[in-house]
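Engineer: Single-letter residue listing:
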Amino acid sequence: MLKDIKVLVGDDSILARKQVKDVLLSLEITDVIEAVNGQDVIDKYRENQPDIVFIDIVMPIKDGATAIGEIVKEFPKAEIIVISSVGTQTTLKKAIENGAKDFIQKPINPDKIKEILISRFERN
Amino acid sequence: MYSQFFGNYLLSRNIITPAQLVEAIKNKENAEVYPSLLAVYSNLISADNLEYIVTVMEEKGTNFKDTAISLNYFTEKEYDDLKYIDIPDYLVIGQCLINAGILSISETHNYVVDYQSDDELVDLDLSGEKTDSFNNLIERLFLADEDIPEYITKYINLLFTNLISYIGEDFIPLNFTPCEEFPVSHCAYQEVKGSHSLTIYLDVEDDVAIQFASIYVGDLYVEVDEYVKASLEDFLNLNNGLFNVNLSNESSIEMDLDPPMVFSDPVISQSENKKLYLLPIVYPFGTLNFLFEIPEI
Numbered sequence: 001m002l003k004d005i006k007v008l009v010g011d012d013s014i015l016a017r018k019q020v021k022d023v024l025l026s027l028e029i030t031d032v033i034e035a036v037n038g039q040d041v042i043d044k045y046r047e048n049q050p051d052i053v054f055i056d057i058v059m060p061i062k063d064g065a066t067a068i069g070e071i072v073k074e075f076p077k078a079e080i081i082v083i084s085s086v087g088t089q090t091t092l093k094k095a096i097e098n099g100a101k102d103f104i105q106k107p108i109n110p111d112k113i114k115e116i117l118i119s120r121f122e123r124n
Numbered sequence: 001m002y003s004q005f006f007g008n009y010l011l012s013r014n015i016i017t018p019a020q021l022v023e024a025i026k027n028k029e030n031a032e033v034y035p036s037l038l039a040v041y042s043n044l045i046s047a048d049n050l051e052y053i054v055t056v057m058e059e060k061g062t063n064f065k066d067t068a069i070s071l072n073y074f075t076e077k078e079y080d081d082l083k084y085i086d087i088p089d090y091l092v093i094g095q096c097l098i099n100a101g102i103l104s105i106s107e108t109h110n111y112v113v114d115y116q117s118d119d120e121l122v123d124l125d126l127s128g129e130k131t132d133s134f135n136n137l138i139e140r141l142f143l144a145d146e147d148i149p150e151y152i153t154k155y156i157n158l159l160f161t162n163l164i165s166y167i168g169e170d171f172i173p174l175n176f177t178p179c180e181e182f183p184v185s186h187c188a189y190q191e192v193k194g195s196h197s198l199t200i201y202l203d204v205e206d207d208v209a210i211q212f213a214s215i216y217v218g219d220l221y222v223e224v225d226e227y228v229k230a231s232l233e234d235f236l237n238l239n240n241g242l243f244n245v246n247l248s249n250e251s252s253i254e255m256d257l258d259p260p261m262v263f264s265d266p267v268i269s270q271s272e273n274k275k276l277y278l279l280p281i282v283y284p285f286g287t288l289n290f291l292f293e294i295p296e297i
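Residue numbers (my numbering), protein chains in the order written: chain A, 1 to 124; chain B, 1 to 297.
Bound conformation, chain A alone (with noise of 0.2 angstroms):
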């Protein structure tokens, strides 16, 4: 049940980890961990283990792509989602080599985390 996951946002925003946690909220998804930079992100992952995280790439201390790549070196099958403002190519393309599975345009789109949530654990 989509309501049952475990979500883990990482962004240093607290104002974009309350708009990601507000979607989520809206799912009726409670089991949500904040993290508030890169290498938090990786710590709270190691710790929790959740179904799926939102992440943003710019981040203090480590990066967002650095973040996603030492992850998925660890738990191959990780379902990292970037949610950022820096949509570039070589951005998209960093995060995706290390292996971010989706990307996510700020400003927030609630139907496009939504849609992404619903895709992945709801609709098998």
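Hint data in this document are derived by calculation from the structure and do not stem from the laboratory.
Glycine is no exception: its CB is placed at the ideal position from the N, C-alpha and C atoms.
Among the hints, a few may not be true.
Covered stretches of chain B (in silico footprint by chain A; criterion: 3 or more residues with CB under 8 angstroms from a CB of chain A, positions within the stretch not fixed) [said to hold, decoys possible]:
hint	stretch
1	94-103
2	277-285
The following label-pair restraints were derived from C-beta to C-beta distances [stated by the list, open to error]:
hint	chain 1	residue 1	chain 2	residue 2	range
3	A	K3	B	D225	28 to 36 angstroms
4	A	S26	B	I215	17 to 25 angstroms
5	A	D4	B	E32	55 to 63 angstroms
6	B	E250	A	L2	34 to 42 angstroms
Given the coordinates of chain A, work out where chain B should sit on it, guided by the hints.
Structural biologist: Coordinates of chain B only, in the frame set by chain A:
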């Protein structure tokens, strides 16, 4: 027509002062455009006609409507139809300047006509040729006296577009001016790195921060909390991310972006080999101060 730039048009010709413009913007919400200004704006009468009508009004002690109808300038129905005209924002600014005794109706009308004929842009479709026209407009109105890299024009173009999309179109940018030091209140900044580098700061007072966040996020905030502060960083990150995307898509230029941060020093100072510029954007709820630090050419 970009209504945002009428105020800047008046400023650039030294017709009004920045303080007069800021006051006009503050009064804009409660201002009602006079039927006489509307009649001139909608070409029902000319500015010369209006001068004559005003002379007769003063002589006879009659009002505008009755005087103009008695002089056969328009019918009662044509006068009543003025109520249904779409009033552009710049006309409201003009009315506020009239109310403050800074401009007369005919002066306002003449400046509006000049402003309209100067620029052929009629809407915010920034695709294709209009993007170039818009960039030219920005260069002419804002950057004429400064030796500014072309990418800054594109940056300002994008900034205005995003302000219109996420905060509202009722802003007026003041002049883009060099600035060696700027004392800050609530300030976020972000560094764009690469061949087209710049550091952009956004500084606002407490009450402006609260209003800005409330509009940008779509929630009601009543104090400067962490969400309000984050909204400043978030807006910069959004604009700078899209700036990088545009450079990548249009010119195959790849730039890096540092995370947005809170600027905690009391003053922004110009760094060595760089130039600092201030671009205040005035909304009815207050002023957003954008500062650009760019490499010296």
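Engineer: Which numbered hints does this structure break?
Structural biologist: Going through the list in order, the structure violates hints 1 and 2 and respects the others.
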